[in-house]
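S.K.: Each chain, letter by letter, is given below.
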Amino acid sequence: MKDLIKPADISKPSAGLCRIEPGDLATLPPPYEDFNATVLKPLPADKVKALETSLDDTLAIGIPKPATPEEEEELVRRFLSGLTKLFEKKNNWTFLQPLLLSMEHCARCQTCSEACPVFEMSGRKEIYRPIFRSEVLRRIYKKYLTPGGKMTAKWTGDIDLNWTAIARLAELAYRCSLCRRCASVCPIGVDNGLITHELRKLFSQEMGIAPKELHEKGTVLHLRAGSSTGMNPLAAKDSVEFIQEEMEEITGYKVDIPWDVEGADILLIHNAGEMLAWPENVGAFAILFQAAGLSWTLSSETTGYDAVNYGLWYDDVQLARVALRHADIARRLKVKKIVIGECGHAHKALIETSDRLLTGDLNIPRESALVTLEAIVRSGKLKFDPQKNDFPVTLHDPCNYVRLMGIVEPQRRILRQIAPGFREMTPHGVDNYCCGGGSGFAIMSGYNFTDWRNLVSSRKKFLQILQAFESEPPQTPKYVCAPCSNCKGAIRDILGYYDAEKRSRLYYGGLVELLVNALDGMKKPIILFGDEPSWK
Amino acid sequence: MPQIELAGKMYEVDEDGFLQELDKWNEEFAEAYAHAEEIEGKLTEEHWKVINYLRNYYQQFGIAPMIRKICKDLKIDMKKLYELFPTGPAKGACKLAGLSKPTGCV
Numbered sequence: 001m002k003d004l005i006k007p008a009d010i011s012k013p014s015a016g017l018c019r020i021e022p023g024d025l026a027t028l029p030p031p032y033e034d035f036n037a038t039v040l041k042p043l044p045a046d047k048v049k050a051l052e053t054s055l056d057d058t059l060a061i062g063i064p065k066p067a068t069p070e071e072e073e074e075l076v077r078r079f080l081s082g083l084t085k086l087f088e089k090k091n092n093w094t095f096l097q098p099l100l101l102s103m104e105h106c107a108r109c110q111t112c113s114e115a116c117p118v119f120e121m122s123g124r125k126e127i128y129r130p131i132f133r134s135e136v137l138r139r140i141y142k143k144y145l146t147p148g149g150k151m152t153a154k155w156t157g158d159i160d161l162n163w164t165a166i167a168r169l170a171e172l173a174y175r176c177s178l179c180r181r182c183a184s185v186c187p188i189g190v191d192n193g194l195i196t197h198e199l200r201k202l203f204s205q206e207m208g209i210a211p212k213e214l215h216e217k218g219t220v221l222h223l224r225a226g227s228s229t230g231m232n233p234l235a236a237k238d239s240v241e242f243i244q245e246e247m248e249e250i251t252g253y254k255v256d257i258p259w260d261v262e263g264a265d266i267l268l269i270h271n272a273g274e275m276l277a278w279p280e281n282v283g284a285f286a287i288l289f290q291a292a293g294l295s296w297t298l299s300s301e302t303t304g305y306d307a308v309n310y311g312l313w314y315d316d317v318q319l320a321r322v323a324l325r326h327a328d329i330a331r332r333l334k335v336k337k338i339v340i341g342e343c344g345h346a347h348k349a350l351i352e353t354s355d356r357l358l359t360g361d362l363n364i365p366r367e368s369a370l371v372t373l374e375a376i377v378r379s380g381k382l383k384f385d386p387q388k389n390d391f392p393v394t395l396h397d398p399c400n401y402v403r404l405m406g407i408v409e410p411q412r413r414i415l416r417q418i419a420p421g422f423r424e425m426t427p428h429g430v431d432n433y434c435c436g437g438g439s440g441f442a443i444m445s446g447y448n449f450t451d452w453r454n455l456v457s458s459r460k461k462f463l464q465i466l467q468a469f470e471s472e473p474p475q476t477p478k479y480v481c482a483p484c485s486n487c488k489g490a491i492r493d494i495l496g497y498y499d500a501e502k503r504s505r506l507y508y509g510g511l512v513e514l515l516v517n518a519l520d521g522m523k524k525p526i527i528l529f530g531d532e533p534s535w536k
Numbered sequence: 001m002p003q004i005e006l007a008g009k010m011y012e013v014d015e016d017g018f019l020q021e022l023d024k025w026n027e028e029f030a031e032a033y034a035h036a037e038e039i040e041g042k043l044t045e046e047h048w049k050v051i052n053y054l055r056n057y058y059q060q061f062g063i064a065p066m067i068r069k070i071c072k073d074l075k076i077d078m079k080k081l082y083e084l085f086p087t088g089p090a091k092g093a094c095k096l097a098g099l100s101k102p103t104g105c106v
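Note that the protein sequences, when read in sequence, are chains A and B. Residues 1 to 536, numbered by my numbering, are exactly what the first sequence covers, in order. Residues 1 to 106, numbered by my numbering, are exactly what the second sequence covers, in order.
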């Protein structure tokens, strides 16, 4: 089907603006050809009846259909009120300037479209084009918020603002992973990722519309229980105690994980998901920090043991609440600095985006764990045996701290020293592609959204991983180093979905595990390929 | 909110079939739900060991324990756990035990 969808179609009622047919998605190479005809399973009829499903074949939010025309009108009114606030300094002092610049300037050169993995992998579906969503918002903004906008709309591109358009726009704000690869290639600096982010903000802050994994089971749970995993301080301590025992059993190294040490040099904050899903990451940090003789601590205070800040993706108010808690815990513990574990968005949220919130005694130095790890390696205090990591390794670049913060080289300098089989992906560094799980996608799993992620948004990453290892025999175990919890979750899901452990012997993990795997004096390896130890 | 009928009673569950009203859980719920999670026949003593362990941990800590901890504390390996609960410990076992769906970056 020729895809002729135009921005104005967003307000015209229909069953859907986009359908992925077998053969539309970018082709996968052998031995994965059997997935080439796979498309999304249709949403069940009761969902289609009750929820706003007229964008495409999937649902990220699942907005209930309004019951009456009056309810619809009220929602349109609230959207316009939220939109007005986005363009007012007193209500959007943080992001108004870049938003205005992106609204005013777009040459429609399509450079961004070629850079977007979702657009490319989907088989170039119009609605996933980075400027489609921006153009819809730009037209609404111009028509309804600029003087004489209704008069000039005829020439500048008209659009009707109705509930259909708004409901589709809300879902469409969750078909972009905010990787901002588009922004990095735009010749005039338009940021379509930022526009998506502002849209998500409008929906959450003004209309209470957000995916439940990010809000209700995300930031709200984080602030209430202490972690978006639901872990209270007791549970965090219990998990870490278990990790401590496990580390000794796995590696033969006895580690003592410190809690709440006042005046320590470093407060290390992990993404708490690591404690449950990737305990060896938490354990490896402890081994390395202890072996290097660092003065460090974890915090058992509510929120202090979970570095995540989902507000970064959809809500400035929630972002601020969590960031202030993190900084205040560090202030009261009197630590010299905060070190963020291997979690991309936590880097971006606390080190950079919160910069203007954290003033005075809350402005505690904040550092990336990658920098801390490199300092350990360079100090020469520890000996590493690269031969223990003698297997093919490639490196994924988490968007949040690589493209968006410029932390590119520390992780590479480490790998060049300790992983002889390291090879880059194509492209890599700031040009690398998103894992497909960015901006919360990795944890959003309602309806059939996980399938959409595995089929569409993570597809480019899967192709890149296969390409990085194409010269290796299928039976050789291979390691995708992904130093970010969200990316690890997305990569785990791709490998599972495409049966890639079995077909290509692909495994994944963080960076610190490779360091501990090569650390002199370990009796056993921390990295296993299935049941097979990575060295003997 | 979707509902599910098990052993003649209605239960509220989320989109993925996790029980929403945790206090409504009972043994008949688990027994009747087992088939949907690809468990054949009646639940065995080994199934109940896992289910009771999960419920106990959840009551104490508010979350499901990490999978490695389940294996270690109950002295069973991962393979056995998947044999008992073919849809996986995080999905099948937690569902039958009446726990909420895991949240956060896990």
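Rather than coming from a laboratory, the hints here were simulated on the basis of the structure. Do not take every clue at face value.
[Said to hold, decoys possible] Derived DSS-like pairs (lysine-lysine); straight-line CA-CA distance at most 30 Å:
#1 A:K536 <-> B:K9
#2 A:K524 <-> B:K79
#3 B:K75 <-> A:K524
#4 A:K254 <-> B:K72
#5 A:K237 <-> B:K69
#6 A:K502 <-> B:K79
#7 A:K65 <-> B:K80
#8 A:K212 <-> B:K80
#9 B:K9 <-> A:K237
#10 B:K72 <-> A:K524
#11 B:K91 <-> A:K212
#12 A:K237 <-> A:K47
#13 B:K80 <-> A:K523
#14 B:K91 <-> A:K502
#15 B:K49 <-> A:K47
#16 A:K237 <-> B:K75
#17 A:K49 <-> B:K9
#18 B:K24 <-> A:K49
#19 B:K24 <-> A:K502
#20 A:K254 <-> B:K42
#21 A:K41 <-> B:K91
#22 A:K523 <-> B:K9
#23 B:K75 <-> A:K49
#24 B:K91 <-> A:K47
#25 B:K24 <-> A:K254
#26 B:K9 <-> A:K502
#27 A:K212 <-> B:K24
#28 B:K24 <-> A:K523
#29 B:K79 <-> A:K237
#30 A:K536 <-> B:K75
#31 A:K337 <-> B:K80
#32 A:K524 <-> B:K24
#33 A:K237 <-> B:K91
#34 A:K536 <-> B:K79
#35 B:K91 <-> A:K381
#36 A:K523 <-> B:K49
#37 A:K254 <-> B:K69
S.K.: Evaluate each hint against the coordinates.
M.R.: Evaluation of the provided hints:
no.	hint	result
1	A:K536 <-> B:K9	violated (55 Å)
2	A:K524 <-> B:K79	holds (22 Å)
3	B:K75 <-> A:K524	holds (22 Å)
4	A:K254 <-> B:K72	holds (18 Å)
5	A:K237 <-> B:K69	holds (14 Å)
6	A:K502 <-> B:K79	holds (16 Å)
7	A:K65 <-> B:K80	violated (44 Å)
8	A:K212 <-> B:K80	violated (33 Å)
9	B:K9 <-> A:K237	violated (38 Å)
10	B:K72 <-> A:K524	holds (19 Å)
11	B:K91 <-> A:K212	holds (19 Å)
12	A:K237 <-> A:K47	violated (40 Å)
13	B:K80 <-> A:K523	holds (28 Å)
14	B:K91 <-> A:K502	holds (22 Å)
15	B:K49 <-> A:K47	violated (36 Å)
16	A:K237 <-> B:K75	holds (22 Å)
17	A:K49 <-> B:K9	holds (26 Å)
18	B:K24 <-> A:K49	holds (29 Å)
19	B:K24 <-> A:K502	violated (41 Å)
20	A:K254 <-> B:K42	violated (43 Å)
21	A:K41 <-> B:K91	holds (20 Å)
22	A:K523 <-> B:K9	violated (55 Å)
23	B:K75 <-> A:K49	violated (47 Å)
24	B:K91 <-> A:K47	holds (22 Å)
25	B:K24 <-> A:K254	violated (43 Å)
26	B:K9 <-> A:K502	violated (42 Å)
27	A:K212 <-> B:K24	holds (23 Å)
28	B:K24 <-> A:K523	violated (49 Å)
29	B:K79 <-> A:K237	holds (27 Å)
30	A:K536 <-> B:K75	holds (25 Å)
31	A:K337 <-> B:K80	violated (44 Å)
32	A:K524 <-> B:K24	violated (46 Å)
33	A:K237 <-> B:K91	holds (24 Å)
34	A:K536 <-> B:K79	holds (23 Å)
35	B:K91 <-> A:K381	violated (44 Å)
36	A:K523 <-> B:K49	violated (34 Å)
37	A:K254 <-> B:K69	holds (18 Å)
In summary, the structure is inconsistent with hints 1, 7, 8, 9, 12, 15, 19, 20, 22, 23, 25, 26, 28, 31, 32, 35, 36 from the numbered list given earlier, while agreeing with the others.
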